[in-house]
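Using the sequences plus the hints, can you model the full thing?
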Amino acid sequence: MKRIIASAACALIFAGICMAATPTFNKDIAPILYQNCATCHRPGEVAPFPLLTYQDAAKRAKLISTVTEKRYMPPWKAEPGYGSFANERRLTDAQIEVIKSWAEAGAPEGDINEKPVQPVFTEGWLGGEPDQVVKMPVKYSVPADGPDQFQCFVLPLNLDKDVYVSLLEFRPDNRRVVHHALVFLDPNGAGRKLASADGMYPCFGGPRIPVATLTGGWAPGAVPGARSQEYARPIPKGADLVLQIHYHPSGKPEEDQSSLGLSFSGPPSRGRTAAIMFNTRINIPPGDPHYVVKSSLVLPRDVELGGITPHAHYLCKEMKIAAYLPDGSVEPLIWIKDWDFNWQGGYQYKKPLALPKGTRVEMEYTYDNSENNPRNPAHPPVRVRWGEQTKDEMAVAFLAVVLPSPSDVQSFQQQLSAQYLETIFSGEVTLEDLPPEMTPQQRQTVTMIFNLFDKNKDGKLDREEVAALLEFVRSRR
Amino acid sequence: MVAPQFVLRDTEGTVHGPDEWSRAQAIVLFFTTIDCPLSNSYVPEMNRIRQTYSNRGVAFYAVQTDTTIAEAEVRRHARDFAFSFPVLIDPRQSLVQFAEATATPEVAVLSNSGKVLYLGRIDNRIEDFDKRRSVVTESDLRNALDAVLAGRPVPHARTPVVGCGINFVTQEKKP
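Protein sequences appear in the order of chains A and B.
Residue numbers for the first sequence follow numbering that gives the first Met the number 0, beginning at 0 and rising by one.
Residue numbers for the second sequence follow numbering that gives the first Met the number 0, beginning at 0 and rising by one.
Simulated from the structure, these hints should not be mistaken for lab results.
Virtual Cβ for every residue (Gly too), placed ideally from N, Cα, C.
Possibly wrong hints are sitting among the right ones.
As the list claims (entries may be wrong) - DSSO-like cross-link-like pairs, simulated, lysine-lysine; straight-line CA separation at most 30 Å:
no., chain 1, residue 1, chain 2, residue 2
1, A, K134, A, K61
2, B, K130, A, K61
3, B, K130, A, K336
As the list claims (entries may be wrong) - Covered stretches of chain B (in silico footprint by chain A; criterion: 3 or more residues with CB under 8 Å from a CB of chain A, positions within the stretch not fixed):
no., stretch
4, 40-46
5, 66-80
6, 133-147
This is the structure:
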């Protein structure tokens with residue numbers, strides 16, 4: 000009926016003003032859903048309901064309109080135009096407008112002949128059948144409700160030789176509760192020591208293993224890349240994988256036993272490693288709605304940047320990272336205006352970015368520790384410092400760096416470690432500023448260095464003493 | 000205000016009607032649907048609220064709002080999520096329309112004569128689709144029940160709900 004009125008109105012007003020006819024499912028909505036939503040919104044996948052048929056969509060028209068207008072769906076946190084990412088899931092303003100008018104018009108179906116063919120999706124492993132599948136050692140029980148759960152699972156690979164992984168794919172088991180997952184490489188069995196007999200331990204911010212490296216991640220909608228020997232990841236024999244899963248209670252008791260699929264290849268031609276940016280000097284007063292944390296990193300050689308994974312906890316609201324090239328140009332890396340811990344994940348660039356030696360990468364994160372931040376874990380707000388727990392904060396970004404050859408990785412990391420020391424020892428420092436996740440050995444070494452340079456023995460390093468320390472570090476590069 | 004004249008079956012086959020309401024101090028209707036994650040996440044809290052208030056004479060019902068879902072699925076869902084109160088099948092959305100519910104998980108508190116005394120969210124845990132409060136600071140449904148049982152007016156009789164919009168059954172139903 001509404002459509003008839005609309006057409007009548009069109010006939011009355013002259014054609015130029017009467018822009019578009021009422022959108023229909025078959026002509027306007029189905030193409031948007033198939034392109035942007037159905038990868039997850041189909042039977043057996045992570046979304047709570049399918050969006051394939053007219054019936055699926057029509058009865059949820061209001062909901063679809065609301066969540067797309069709020070840009071809650073499809074989930075994509077990076078600002079458009081600030082970094083160009085692969086698999087970007089973002090609707091245009093025009094698409095959102097079409098969905099809205101369709102819902103307001105009562106979700107008409109339209110002409111069946113205009114309906115696009117339903118896309119064919121890959122079932123099971125999206126990247127193809129893996130060479131080895133490692134499953135969580137036990138079924139993990141998620142309670143019906145209460146706070147979200149963050150659990151680490153040690154997945155022993157039991158490798159008798161070094162291998163190269165050309166593709167690592169996480170496959171969630173119970174999609175009602177798995178919210179996101181991160182995969183870490185644990186080279187020396189540190190995770191096994193933290194784990195209980197059933198191979199798991201609670202972990203919130205990270206795997207609590209200082210030498211672990213982030214090797215993969217999954218969030219709803221993530222698409223694994225293509226298998227590539229060129230970029231394959233070495234996994235040394237004896238190493239374990241540590242899988243960190245964020246669980247979201249569903250309203251009833253649930254169990255999950257997710258798995259990882261590994262595809263192997265020969266040794267890579269390129270070197271892959273991570274440059275980590277961080278600032279441990281976080282000290283947010285209770286009530287502060289706008290606390291800024293900055294850090295920077297100078298690239299010690301030419302690199303290609305494949306992707307970026309920013310990380311912070313619940314108080315962080317905005318993140319901005321940009322690269323300042325030696326020629327004065329600026330390469331935007333990522334900007335998240337409304338950081339949501341629940342939708343963290345890695346962002347891959349459409350094309351790897353070439354960043355020359357001397358490029359300065361700068362990050363700026365903003366935190367809201369006020370009562371008005373609903374995500375604030377403390378009520379009333381309390382002082383928040385660096386740490387891995389829910390009530391702590393972090394300011395970290397993992398840069399996925401590609402080097403010309405695997406043999407370049409070690410020297411690159413050595414060059415970076417001097418900068419890490421500079422980051423820790425910037426400004427006035429006391430031993431309390433040391434990151435809590437340091438190993439006892441690292442702490443002992445740093446304490447020794449600290450005492451050596453604390454000339455006036457006042458328990459802190461002032462600017463002069465820090466300068467002397469950094470001079471020493473630089474001279475040993 | 001006239002009590003709604005309805006007779007509805009729950010997922011276990013028991014028939015419920017307005018005579019049942021007249022014996023209660025107050026009635027809580029929990030509007031829900033089986034595939035709304037936000038609504039599902041509130042079932043344990045609704046069971047706890049029922050535990051607290053049922054022995055004070057409050058009658059609890061869940062109302063399945065999506066009429067397109069097969070009754071067997073609604074029954075399985077009610078058992079899976081262990082609802083501790085009846086889940087009503089409402090094929091004509093009579094209770095949705097009576098209470099003027101718009102989304103799940105929305106709750107209504109009715110007087111035993113059928114007057115809508117409260118309509119809105121259960122509490123303020125869900126600030127928005129992507130913003131969950133770590134600590135609940137407004138327990139709206141509990142506050143409303145406390146007020147009704149004490150004979151006081153409900154402090155905030157209407158509160159906004161974040162959730163899955165209810166699709167209304169139209170007269171000219173599509174095939």
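Hint by hint, here is what the structure shows:
| no. | hint | verdict |
| --- | --- | --- |
| 1 | A:K134 x A:K61 | violated (39 Å) |
| 2 | B:K130 x A:K61 | holds (20 Å) |
| 3 | B:K130 x A:K336 | holds (14 Å) |
| 4 | 40-46 | holds (count 5) |
| 5 | 66-80 | holds (count 3) |
| 6 | 133-147 | holds (count 3) |
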